[in-house]
Amino acid sequence: MNRQAREDFTQFVAARSARLIRTAYVLAGDQHAAEDLLQTALTRTAARWRHVRGDPEAYVRRVMYNEQISRWRRRGRESAMADVPDLAVADRSGEVDLRLALQRALLALPPRKRAVLVLRYFEDLPEKEVALILGCSVGTVRSQTHKALTRLRDIVPDLATRLEFAGGAA
Amino acid sequence: MTDQMLKDALEGIADRAEPVDGMAERALKGARRRRTVRLSGVASAVAVATAAAIAVPIAGQPDGGRTLAGPRDGTTANTAAERALARACLRNGPPAGHMGQDRPDIGKARDFWLLVAVKENRRHLALVGGTSGFVLCSGSDATGNADLPTFHRWTKAFEGALSVDAIGHLQAASPKGVRDDGHGIVFAVAGRVKPQVSRVQVTWTGGRTVWATVDNGYYIAGTPGRRIPDKGATGPMSDGAMKDEDRKVTSVTAYTAGGGVVDRWRAGPGEGGMFFHEDCPRTTSTSLC
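If you read the protein sequences in the order shown, they are chains C and P. First residue of the first sequence: -4, per the numbering used here; consecutive thereafter. First residue of the second sequence: 91, per the numbering used here; consecutive thereafter.
One or more hints might be untrue.
Straight-line alpha carbon distances no greater than 35 Å define the calculated DSBU-like cross-link-like pairs of lysine-lysine that follow [what the hints assert, rightly or not]:
#, chain 1, residue 1, chain 2, residue 2
1, C, Lys142, P, Lys97
2, P, Lys198, C, Lys142
3, P, Lys321, P, Lys119
4, P, Lys119, P, Lys198
5, P, Lys97, P, Lys198
6, P, Lys198, P, Lys338
7, P, Lys198, P, Lys284
8, P, Lys338, P, Lys284
9, P, Lys119, P, Lys338
10, C, Lys123, P, Lys198
11, C, Lys123, C, Lys142
12, C, Lys123, P, Lys97
The following residues of chain P were derived to be distant from chain C, with all beta-carbon distances above 12 Å [claimed, not checked]:
#, residue
13, Ala171
14, Arg337
15, Lys338
16, Gly350
17, Asp353
If you're looking for bench data, these hints aren't it; they were derived computationally from the structure. Idealized CB from N, CA, C, for every residue including glycine.
For reference, chain P alone in the conformation it holds in the complex (with noise of 0.2 Å):
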């Protein structure tokens, strides 16, 4: 049997394999280092950037957006530049889903355009979307993105002026493009605002304030934080567990170019920590769904 032989010249590979201990411990602790990468992250590339509590617009202030519902349409073509970052957030290819898994649904790379990013002393960070979604970018002109890009879904059609679409933690990357020590993240937080809206201020826990980048409808602000001991950990993966340093969203607020106060949004309890749309269906949070 034709189908027996390929079958038995796979097992033969596959008894080549040898048995690995500890995969579980190790799988454990890559999975908190991830946790606080994925959920806390944005922000290597704009560390810096926002060490300083400000963001630095680099696709130039607002000029009052446009009325949108899901990203910017091919219309508003993004520079070479801006192509290249976009193409170095996603690693020259479409993003994954969570699983690392091809997502044909969602388009390829070329379907993703740079929406919106900081960008400082060779670091980024960015949004990059298409019009089923987005990628949150923590980068440098070396490494491109930190992390995987990692695909999230647009799923709210928001009707105020401002719409939260993603509060996260992304891995930092240092200014030569060579990861830090593992334990910089940034906290980033993205999203839309309608065209009224020139300028959006985020504020964190703690009471850093950040005012976000505007562009086209789209923004974005991040601020440095650091990984730390987990000193509350207990059992066998204790020894040496890291966890997200505390600090979550208290508010992000839209400006007209007046001044003028146009939308808030305020973290309910349980809220501004990490958020993506599809995590909706999964959380008791309301105000962000």
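Okay, chain C solo, but in the shape it has when bound (with noise of 0.2 Å):
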């Protein structure tokens, strides 16, 4: 990489590693781990940054997801239900409660099925986008976002009654 080329990158990422960390947060669930994320994401952009075209950032957010997955899978798809913290609700009609138990039950999916959650409700991807960017079927990502809310659901089986989801009402 050239110095130009260098300069390009830096002020890439001096002007986006903002809203791109938020996103590693929200893909891996702590600021450790958001950060290991991001950052093998910019090295990987940074590797090919001649080659890259269009937006580097949406580069950027589709090696984060794809390698979030890929590290979950060569982990053997460990169980991140093992984490599941106490979804106990000490308000269940207080809306602030409800957040939380959500936040908490979100960080509790499985990676893949938190990206696709990420990519159509934090993102606003239509689902032929998502299916883009994970390398799968449109029908996939129908199901896989089924699957999360219904997942979602059952580990905060409040939300059951709360929240009529976009993947099936409850």
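Given two chains presented individually in distinct reference frames, assemble the corresponding complex, making use of the accompanying hints.
This is the structure:
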């Protein structure tokens, strides 16, 4: 990478890292893992900088999603449920409590299911684009979304009576 | 709105993220190391084996191979040990694309076989492939693959007796399976040969010559190298910059069992440093593509 390319890359990271670390955090679940994920994605992006077409941020995001899923796969699909926190909600009528419970439930989802929800609801991407990023079919995106939402309701039964998700009513 | 609640919950998680400084610098350093690893580096496993500048066949000497436009099919099944090595090279999953993305189009891990390998002192240099493409692997019994398995597509149907399909630099692994200081690399060459080819010889700049391991229509050879301080680096990232030792493949020669030369590839200007067929559309290289 020549000097100009380095400067371009450095400016890109300076401008976008604050936004990218947010996505990384949602995918990875904690600060340390998020930094590691983003670092990996940026390193891959830097290595391919000359070949990146279009918006580099989209490229980085795509790498992050796939890297996170790959990490999960390489670890033998370890159960994210091992870290499922106590989801008892102190005040089931409280909006804040419910949101916190939902957040904890999201973090308890396996990375692939979480990635689908992040792409659909955090990034606001259409199913077709989600499928493109994850390298699967639109049908798989739909089924993964449905399963993820079902899983959320399983983890937080209260949600089933409080929410009607796009992936299927409770 | 339930979708909005879900979005709010995800936003709430994202809000916990703290800004990070210095990511660009670390990424650039990592990219340099990655380039060294990926381009140059087949070899940790093979580094020792090739230190003597000879390739040690582990799968038997070639029996003449078969006419191949791509990797061998399932009729030449791997042994249990070969399957284990292939799995290790793939890290028990299918290889990923260069962006780390899933590549359902390339099949699953079971669609890849060990095609040819050099093994020495618990380290290996291997070519693992399927009908669509292949992975170069440098690793050890303990690490499997010192780098992430990266998929490269077979794209060239070769007409001669010899095809140079990959010239790469791989991260080296130590015999105990622990990565070394990170500066050890393996320069690797792999490809396909027609049945009449029994031996393949690879020569790098500086005159280092290695007899490749040839097995069932495939060959692979490696020689150890190092990353060295990049004294010519400039700019804010120059401190501690490293670069690959400068070594390129100058020729690959295919021989019959009787010692006759049946095909030879010679590097043209700018060739021999690193090459995968998928790079062809973006390169001016012609003889390899």
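Each hint, compared with the structure:
no. : hint                : verdict
1   : C/Lys142 - P/Lys97  : holds (17 Å)
2   : P/Lys198 - C/Lys142 : holds (23 Å)
3   : P/Lys321 - P/Lys119 : holds (15 Å)
4   : P/Lys119 - P/Lys198 : holds (32 Å)
5   : P/Lys97 - P/Lys198  : holds (34 Å)
6   : P/Lys198 - P/Lys338 : holds (33 Å)
7   : P/Lys198 - P/Lys284 : holds (27 Å)
8   : P/Lys338 - P/Lys284 : holds (24 Å)
9   : P/Lys119 - P/Lys338 : holds (23 Å)
10  : C/Lys123 - P/Lys198 : holds (23 Å)
11  : C/Lys123 - C/Lys142 : holds (18 Å)
12  : C/Lys123 - P/Lys97  : holds (19 Å)
13  : Ala171              : holds (22 Å)
14  : Arg337              : holds (20 Å)
15  : Lys338              : holds (20 Å)
16  : Gly350              : holds (42 Å)
17  : Asp353              : holds (32 Å)
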